[in-house]
Amino acid sequence: MEAQEIFEALKSRLPHAVRELGAGTASPFITIEPAHVVAVVSEMRDNAALRFDLLQMVTGVDWRDRFEVVYHLASLVHGGKIALKAVLAHD
Numbered sequence: 282m283e284a285q286e287i288f289e290a291l292k293s294r295l296p297h298a299v300r301e302l303g304a305g306t307a308s309p310f311i312t313i314e315p316a317h318v319v320a321v322v323s324e325m326r327d328n329a330a331l332r333f334d335l336l337q338m339v340t341g342v343d344w345r346d347r348f349e350v351v352y353h354l355a356s357l358v359h360g361g362k363i364a365l366k367a368v369l370a371h372d
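Be aware that the sequence shown starts at 282, since it is given in this note's numbering, and climbs by one per residue.
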């Protein structure tokens with residue numbers, strides 16, 4: 282499944298939680314609302330069409346004006362990889 286298809290599947294199920302799709306250097310990423318991390322990762326794990334069943338890494342990035350928490354996910358069933366970014370204000 283391509284990143285655009287993953288984004289559209291999540292957007293249709295959780296429209297309030299998903300912001301945008303971006304292209305990263307290692308893998309594409311989807312920016313999500315921080316308050317909905319559990320709902321998004323649960324949908325990605327439990328949805329048979331997605332089946333992202335492996336959390337490879339969690340990374341924190343401290344920018345000047347914000348924090349980003351990046352969840353790197355993989356699907357062992359379907360062979361895909363994608364990252365989720367939750368952006369938080371510095372204050």
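Think of the hints as simulated: they come from the structure by calculation, not from any bench.
The beta carbon of each residue, even a glycine, is placed where N, CA and C say it ideally should be.
There's no promise every hint is true.
Here are the simulated EDC-like pairs of lysine to aspartate or glutamate, each with C-alpha atoms no more than 16 Å apart in a straight line [stated by the list, open to error]:
| # | residue 1 | residue 2 |
| --- | --- | --- |
| 1 | K366 | D327 |
| 2 | K362 | E286 |
| 3 | K292 | D343 |
| 4 | K362 | D334 |
| 5 | K292 | E324 |
| 6 | K362 | D343 |
| 7 | K292 | E314 |
| 8 | K366 | D343 |
| 9 | K362 | E283 |
Just the calculated beta-carbon pair ranges, DEER-fashion [stated by the list, open to error]:
| # | residue 1 | residue 2 | range |
| --- | --- | --- | --- |
| 10 | D343 | E283 | 29 to 37 Å |
| 11 | Q285 | V322 | 17 to 25 Å |
| 12 | D327 | A304 | 23 to 31 Å |
| 13 | L369 | R294 | 34 to 42 Å |
| 14 | A329 | P296 | 14 to 22 Å |
For each hint, the structure was consulted:
no., hint, in the structure
1, K366 <-> D327, "violated, 19 Å"
2, K362 <-> E286, "holds, 13 Å"
3, K292 <-> D343, "violated, 27 Å"
4, K362 <-> D334, "holds, 10 Å"
5, K292 <-> E324, "holds, 11 Å"
6, K362 <-> D343, "violated, 23 Å"
7, K292 <-> E314, "holds, 12 Å"
8, K366 <-> D343, "holds, 13 Å"
9, K362 <-> E283, "holds, 9 Å"
10, D343 <-> E283: 29 to 37 Å, "holds, 31 Å"
11, Q285 <-> V322: 17 to 25 Å, "holds, 19 Å"
12, D327 <-> A304: 23 to 31 Å, "holds, 26 Å"
13, L369 <-> R294: 34 to 42 Å, "violated, 23 Å"
14, A329 <-> P296: 14 to 22 Å, "holds, 20 Å"
Hint check: violations occur at hints 1, 3, 6, 13; the rest are consistent with the structure.
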